[in-house]
Every structure is written in C-alpha cells, then in structure tokens.
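Visitor: Listed below are the residues making up each chain.
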Amino acid sequence: MSLDLQTVVDSLNTNLPDSVLDVKTFRGETTLIIDKKRVREVCYHLKDDFGFKFIADITAVDYLGVKTPRFEVVYHVHRFGPDFDDNVRIRLKTELPEEEPRIDSVVPVWSGANWLEREVYDMFGIEFLGHPDLRRILMPEDYEPHPLRKDFDVRDREASKRSFKRALEEGSE
Amino acid sequence: MALNTNSILGGDGFVTTKLSSFVNWARKNSLWPMPFGTACCAIEMMGTLASRFDLSRFGAEAIRFSPRQADLMIVSGTITYKMASVCRRIYDQMPEPKWVIAMGSCTCGGGPFDSYAVVQGIDEFLPVDVYVGGCPPRPEALIDAVMKIQKKIEMQGAPLV
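Going down the list, the protein sequences come from chains A and B. Each residue of the first sequence is one higher than the last, beginning at 1 in the numbering used here. Each residue of the second sequence is one higher than the last, beginning at 1001 in the numbering used here.
There's no promise every hint is true.
[To be verified] In silico DSSO-like pairs for lysine-lysine, Cα to Cα no more than 27 Å straight-line:
(1) A:K150 to B:K1082
(2) B:K1152 to A:K165
(3) A:K47 to A:K67
(4) B:K1098 to A:K165
[Stated by the list, open to error] Pairwise CB distance ranges (calculated):
(5) B:E1061 to A:P69: 57 to 67 Å
(6) B:A1026 to A:D57: 21 to 31 Å
(7) A:L129 to B:M1147: 29 to 39 Å
(8) A:D156 to B:A1039: 58 to 68 Å
[Claimed, not checked] Now the stretches of chain B that chain A is said to cover, found in silico as 3 or more residues with beta-carbon under 8 Å:
(9) 1073-1084
(10) 1108-1116
It is worth saying that the hints were derived from the structure and are not from the lab. Just so it is clear, CB atoms sit at the ideal spot from N, CA and C, and this is done for glycine as well.
Model the full structure from these sequences, guided by the hints.
Guide: Below, the structure is given as structure tokens:
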C-alpha cells in the first residue's frame, strides 16, 4: 500500500492545526512550509505516525537580498516501505529571520540529525536549540565566519590563516 | 666516484671517493617516503608504488607511516588550512635531512579551489624541493620528481652526522 502524501498533510492539519503554512508540489516532489516554532512536533508526528524514520539531509539557504525572512532551513525526510513504491520522501522548509537565526533541534527525533545540524551551524550560523553538541564540524573550532552566508567572500582566507597559526602555536607548546 | 685502475694502488677492485659523495649515494638510493595523501593524487601515488610503475626500482618503496622513519614527504592532494597544521607538524617530526615533493596542482598552487578553506600552494608553510604539476600527474611524473630529488641529493655537500 503506497502512502498518499495528501493523507500526511490532512493528518498534520487535523492533529497539529496551523503548523503547516503551505504545501507546494513540483515535479512530483512535495514541500511543506512549516511554522518554525513547531518543527519538532511536526517531525515527531511524521516519524511516529507515518514511519518517516530516516532524516536524509538538513541544509539551509541564505536568501540575503532576495527575500525576507533571510534564512530557510530545509529537511528531507524519508520513509522506507516494504515495497519499492512505499519509499516516500517529503521536504520540510522553515523560514528564519536574520535577527534570530534559531530553531529547535530535531536530534531528539532522529539522532542522525546531529552532524547535519552541526554542518548547518558551521556554514550558516544557525543555532539549533536543544542540540546535544553544537560545535563546528568542518571548519576549525576557533574559526569565526560562517562561510556559506552570502555576505561572506568565499575567497577570504584570512580567518583560515588565523586558525592555522593558532593551531601551529598550540602544537609547539 | 671513480674506479681505480692505478696498478701502484693495487689495480682493479677498489673505488676512491669523497665521504660526502658516498653518503649522498647511499641516501639517494634509499629514500623512505612519508605519504601525505589527501585526495585523488594519492591514488596515482599508490599506482606509482605498485607493480606496473614500481617505484622500488628507484629505491624509494619503503613507505613509512611514521614521520620519524621517513626522509621524503610526498604531499599529494588538496591541503586545507585545517589540514595544513597537521601536515606541518608531521614534517617537523621527520628527522633531518628531509625533502618534500608537492604532487599535483592543488599542492602546487591550490588547484581549482580558490576558496576560503584551501591553501594556495603548500610552499606557504613547507619548504618544497620539487613541484609536480597535473591533475593528477601521471606516475611517470612522480617518478621524475623522485629522480630530481635524487639528483639534488647527489649534488649536495652532505653533513656527516
């Protein structure tokens, strides 16, 4: 029995009213725009009641100069079915303003979200509230900028050089 | 070095040389490489070591994963600033005398990665002896680099201790 995503949307609207702000479908892919304050309950509902057990990816987009609110955090969640047709993927998007780039962590829902959220924190400076270990994952821990923000010059190596120098000094002590 | 054929000194059978030349000769034919492979160039480096190209023909097959037992560092692959401090520390742990090969475009000048994270050439933090261009270079090019190192060793006035 394949899962109709409309059932998922209907269930969210009934059980968690006003959590889904918009539903978009493009080339067979369904995207739900979620209220940022309710992302964790929506995720719990998807996991516990519909079997979306796998968090495939968490990423973010910086829409600086394009639209407000500035940031979007994007979640791709997957449901494995016994049959091939039961494999369903759904995309959740939440919008975050520039002044307050903070959102509830979904690590309590899927522990696989841990490193994904750390990467988003590292690259975009978005804070995940309730994350068990929110440290940078790719850049050095003492690195200051968030390099995938649009107001950062991707060729600016000064911060990297400072971290490199500090790492050398620590090593020679 | 020259084969002595002077009959007063005993004819054939022994060789006269300077001690420094003798030490250089021994060193250049027994390079112990420390592989610092971080990307696709490392695959080509492994190919150089394997049977088809066989770096042991040049006496440089004793790959050491401990810097304390190596005298030739082959840096092959993109080096980020986060990795650069590790690379430098490993280089510092190698005993003198030591040599460095920068293998591939990334180590020579950053390659295609003109980005916030990538070192634009490892000579920013390491003294490089031979640069090998290519993305990645063919094994023949790496062998050529090893031979250039050998030439360099042969030419130098080696310290005795």
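Visitor: Each hint needs a verdict: does it hold in this structure or not?
Guide: Results of checking the hints against the structure:
1. A:K150 to B:K1082: With a Cα-Cα distance of about 22 Å, the restraint between K150 (chain A) and K1082 (chain B) holds, given a limit of 27 Å.
2. B:K1152 to A:K165: The hint is violated at about 31 Å.
3. A:K47 to A:K67: violated, 31 Å
4. B:K1098 to A:K165: holds, 23 Å
5. B:E1061 to A:P69: 57 to 67 Å: holds, 59 Å
6. B:A1026 to A:D57: 21 to 31 Å: violated, 56 Å
7. A:L129 to B:M1147: 29 to 39 Å: violated, 59 Å
8. A:D156 to B:A1039: 58 to 68 Å: violated, 23 Å
9. 1073-1084: Since three or more residues must qualify, the claim that chain A covers the region 1073-1084 of chain B holds, with 4 doing so at under 8 Å.
10. 1108-1116: holds (count 3)
Comparing the model with each earlier hint shows violations of hints 2, 3, 6, 7, 8; every other hint is respected.
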